[in-house]
Amino acid sequence: MAKRYYILIGDLTTAKGFVTEGLSTNRCQGRHRAYEGDKIDCRSCKSTGIIRCSGTRISNTGSHGKEAALDGDLCICKCDPPPRLIASQSTFYTEGYAALSGLNFGNAEKNDALGNAGSDYDQHFVMVDSVSLHAVEHVVYGLKSASEEHHGGVDAEGKTVESYSSTSDKIDLLYAVQTRLGVDRK
Numbered sequence: 001m002a003k004r005y006y007i008l009i010g011d012l013t014t015a016k017g018f019v020t021e022g023l024s025t026n027r028c029q030g031r032h033r034a035y036e037g038d039k040i041d042c043r044s045c046k047s048t049g050i051i052r053c054s055g056t057r058i059s060n061t062g063s064h065g066k067e068a069a070l071d072g073d074l075c076i077c078k079c080d081p082p083p084r085l086i087a088s089q090s091t092f093y094t095e096g097y098a099a100l101s102g103l104n105f106g107n108a109e110k111n112d113a114l115g116n117a118g119s120d121y122d123q124h125f126v127m128v129d130s131v132s133l134h135a136v137e138h139v140v141y142g143l144k145s146a147s148e149e150h151h152g153g154v155d156a157e158g159k160t161v162e163s164y165s166s167t168s169d170k171i172d173l174l175y176a177v178q179t180r181l182g183v184d185r186k
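Residue numbers for the sequence shown follow my numbering, beginning at 1 and rising by one.
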């Protein structure tokens with residue numbers, strides 16, 4: 001399980017640049033949170049760069065629909081290779097396995113066996129306890145992709161329903177709530 005900390009205005013890059021923009025309605029420790037596309041003053045190449053999201057993440061958009069910037073994201077400026085963002089705080093973060101991030105995992109043989117020929121991507125979430133890292137049961141959730149929306153409950157292994165596609169689609173976790181009884185997945 002990896003923690004990725006939110007980037008704020010004033011946070012540095014690995015090339016000594018610093019974030020100059022953020023969304024005024026979202027703050028951490030009194031500082032504005034930064035989002036993909038926000039500006040960075042790169043002192044190394046003396047240019048204005050922008051934040052580009054990189055790596056695993058659980059989708060977290062601001063009111064303007066842009067993804068929140070996390071430590072390890074890129075500064076797209078004139079530097080080669082692009083510098084990475086460094087979080088200055090260790091209080092506000094997101095965490096999860098790659099499966100929680102909406103990443104796609106190709107498995108053509110499994111899809112063919114299940115009658116999903118031409119579907120190279122199976123996508124799902126796994127709900128785990130943040131302390132024990134064990135799968136949790138009795139969680140109801142909502143998932144949304146470009147082509148479908150699904151609401152239901154996880155199985156005994158903490159897995160949501162799988163979605164099959166021939167293209168890689170982003171899946172957003174709309175909500176996840178642990179209940180005492182869960183729901184019948186049938």
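Note that these hints are calculated values from the structure, not bench results.
These figures come from a predicted structure and were not determined experimentally.
Ideal Cβ positions, reconstructed from N, Cα and C, are used throughout, including at glycine.
Hints are supplied without guarantee of correctness; some may be wrong.
Stated by the list, open to error - Computed beta-carbon distance windows for the label pairs:
| id | residue 1 | residue 2 | range |
| --- | --- | --- | --- |
| 1 | ARG52 | GLU137 | 35 to 41 Å |
| 2 | SER90 | TYR175 | 24 to 30 Å |
| 3 | THR91 | THR20 | 19 to 25 Å |
| 4 | GLU149 | GLY30 | 35 to 41 Å |
| 5 | ARG52 | HIS134 | 31 to 37 Å |
| 6 | ILE86 | ASP172 | 22 to 28 Å |
| 7 | HIS138 | GLN89 | 30 to 36 Å |
| 8 | ASP155 | SER24 | 17 to 23 Å |
| 9 | THR179 | ALA146 | 46 to 52 Å |
| 10 | ASP172 | LYS46 | 33 to 39 Å |
Now the hints, each set against the structure:
no. : hint                         : in the structure
1   : ARG52 to GLU137: 35 to 41 Å  : 37 Å, holds
2   : SER90 to TYR175: 24 to 30 Å  : 26 Å, holds
3   : THR91 to THR20: 19 to 25 Å   : 22 Å, holds
4   : GLU149 to GLY30: 35 to 41 Å  : 36 Å, holds
5   : ARG52 to HIS134: 31 to 37 Å  : 34 Å, holds
6   : ILE86 to ASP172: 22 to 28 Å  : 27 Å, holds
7   : HIS138 to GLN89: 30 to 36 Å  : 33 Å, holds
8   : ASP155 to SER24: 17 to 23 Å  : 42 Å, violated
9   : THR179 to ALA146: 46 to 52 Å : 28 Å, violated
10  : ASP172 to LYS46: 33 to 39 Å  : 37 Å, holds
Checked against the numbered hints given earlier, the structure breaks hints 8, 9 and satisfies all the rest.
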